[in-house]
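Participant: Now for the letters of each chain:
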Amino acid sequence: MSNRDLHFRGQMHDEEVITFFRDHWVVLIPKIISFVLFMAIMALFLFNIAFFKLPSLDAIFFQAMVVLIIIASGFMIHRFFLSVIEYFLSITLITNYRIIHRRRTLYIFNHKESIYMRRIQDIQKQQDGFFKNILQFGELVINVLGPDLITLTTVPNPEYHFRLLNRIRNQHFSKDQQHREHVDINSTKPLESEISLPSEK
Amino acid sequence: MNIVLLIVIFSLLASLIFLAVNLTKTFSLSSHYRLTESCYTMLFRFCRLRHFMMAYILLIVAHAIGSIMFIYYLASI
Numbered sequence: 024m025s026n027r028d029l030h031f032r033g034q035m036h037d038e039e040v041i042t043f044f045r046d047h048w049v050v051l052i053p054k055i056i057s058f059v060l061f062m063a064i065m066a067l068f069l070f071n072i073a074f075f076k077l078p079s080l081d082a083i084f085f086q087a088m089v090v091l092i093i094i095a096s097g098f099m100i101h102r103f104f105l106s107v108i109e110y111f112l113s114i115t116l117i118t119n120y121r122i123i124h125r126r127r128t129l130y131i132f133n134h135k136e137s138i139y140m141r142r143i144q145d146i147q148k149q150q151d152g153f154f155k156n157i158l159q160f161g162e163l164v165i166n167v168l169g170p171d172l173i174t175l176t177t178v179p180n181p182e183y184h185f186r187l188l189n190r191i192r193n194q195h196f197s198k199d200q201q202h203r204e205h206v207d208i209n210s211t212k213p214l215e216s217e218i219s220l221p222s223e224k
Numbered sequence: 003m004n005i006v007l008l009i010v011i012f013s014l015l016a017s018l019i020f021l022a023v024n025l026t027k028t029f030s031l032s033s034h035y036r037l038t039e040s041c042y043t044m045l046f047r048f049c050r051l052r053h054f055m056m057a058y059i060l061l062i063v064a065h066a067i068g069s070i071m072f073i074y075y076l077a078s079i
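In order, the protein sequences belong to chains A and B. At position 15 of the first sequence (counting the first as 1) the number is 38 in the working numbering, and the numbers step up by one without a gap. At position 44 of the second sequence (counting the first as 1) the number is 46 in the working numbering, and the numbers step up by one without a gap.
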């Protein structure tokens, strides 16, 4: 599949999406484990409800507990799926002009950052640790013009993205250099007024 | 029992409305970029967003039905 059919809101007319990625799936593991555990406990309780000696629903304390458990279980389901939606909506796009880093939740968080390739001074790849090397994820630290350091965390396959960003940055750099040389050549050319006209006979 | 059932039905209705709002908002936000088909992230190569959304709907509906059945079961003890 080519990248030509990929597009996003706010795309410039000659901007092309080269690649994009979400956080590595490892960020979802703790949420999935806790949710599966919660569901397993609920299922075990419901399938073995006959073995429990539950008090009558007339007791106020038991009524309150039942209501609280039902509300809490609903909250847990919503919380898990909201975190999946957050995972889906938070993306990093690499285009031929810039890197767009977007963090978004449905209701609370809406953060968008755009780093132009021309602003990038250097890029560091950090992939330290056993799990990071086995599961192929790491951090990309982008040093931009000025005092800022931008860190992209839990980047999947950081080596690929590191090489890709360096390649695009180098292309921009060589394009800039060619443009500068072209301007220099033009500026050293004498102006028409400076060219001496042939003397009349 | 009636008050408990009323409170639970109210909270389940709120949960269903919240689900509907979440789904609408998610699909409207995901249409801001057409990128889902070739995502680099492994998870979404196999499990598309719509699969998660389907599971979300099923679980919330199952939770609502299960909660009401649970209360009827407790009342019948």
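Because the hints were derived from the structure by calculation, they are not lab data. No experiment lies behind these values; they were computed from the predicted model shown. Think of the CB as a built atom: it goes at the ideal place given N, C-alpha and C, for glycine as much as any other residue. Just to be clear, a hint being listed does not mean it is correct.
Unchecked claim - Partial selection, computed: residues in chain A whose CB lies under 7 angstroms from chain B:
| id | residue |
| --- | --- |
| 1 | Phe84 |
| 2 | Leu91 |
| 3 | Ile92 |
| 4 | Ile94 |
| 5 | Ile108 |
What the hints assert, rightly or not - Quick list of the computed label-pair ranges, beta carbon to beta carbon:
| id | chain 1 | residue 1 | chain 2 | residue 2 | range |
| --- | --- | --- | --- | --- | --- |
| 6 | B | Thr26 | A | Phe84 | 35 to 41 angstroms |
| 7 | A | Val49 | B | Ala77 | 17 to 23 angstroms |
| 8 | A | Ala82 | B | Met71 | 28 to 34 angstroms |
| 9 | A | Ile173 | B | Phe12 | 45 to 51 angstroms |
| 10 | B | Leu31 | A | Ala82 | 43 to 49 angstroms |
| 11 | A | Leu91 | B | Met71 | 35 to 41 angstroms |
| 12 | A | Ser137 | B | Phe20 | 28 to 34 angstroms |
| 13 | A | Glu136 | B | Ser33 | 36 to 42 angstroms |
| 14 | A | Gln149 | B | Arg50 | 49 to 55 angstroms |
| 15 | A | Glu204 | B | Arg50 | 44 to 50 angstroms |
Participant: With reference to the structure, classify each hint as holding or not holding.
Facilitator: For each hint, the structure was consulted:
| no. | hint | verdict |
| --- | --- | --- |
| 1 | Phe84 | violated, 12 angstroms |
| 2 | Leu91 | violated, 10 angstroms |
| 3 | Ile92 | violated, 9 angstroms |
| 4 | Ile94 | holds, 5 angstroms |
| 5 | Ile108 | holds, 5 angstroms |
| 6 | B:Thr26 x A:Phe84: 35 to 41 angstroms | holds, 39 angstroms |
| 7 | A:Val49 x B:Ala77: 17 to 23 angstroms | violated, 45 angstroms |
| 8 | A:Ala82 x B:Met71: 28 to 34 angstroms | violated, 20 angstroms |
| 9 | A:Ile173 x B:Phe12: 45 to 51 angstroms | holds, 46 angstroms |
| 10 | B:Leu31 x A:Ala82: 43 to 49 angstroms | holds, 45 angstroms |
| 11 | A:Leu91 x B:Met71: 35 to 41 angstroms | violated, 18 angstroms |
| 12 | A:Ser137 x B:Phe20: 28 to 34 angstroms | holds, 32 angstroms |
| 13 | A:Glu136 x B:Ser33: 36 to 42 angstroms | violated, 21 angstroms |
| 14 | A:Gln149 x B:Arg50: 49 to 55 angstroms | violated, 31 angstroms |
| 15 | A:Glu204 x B:Arg50: 44 to 50 angstroms | holds, 49 angstroms |
Taken one by one, the earlier hints fail for this structure at numbers 1, 2, 3, 7, 8, 11, 13 and 14, listed in ascending order.
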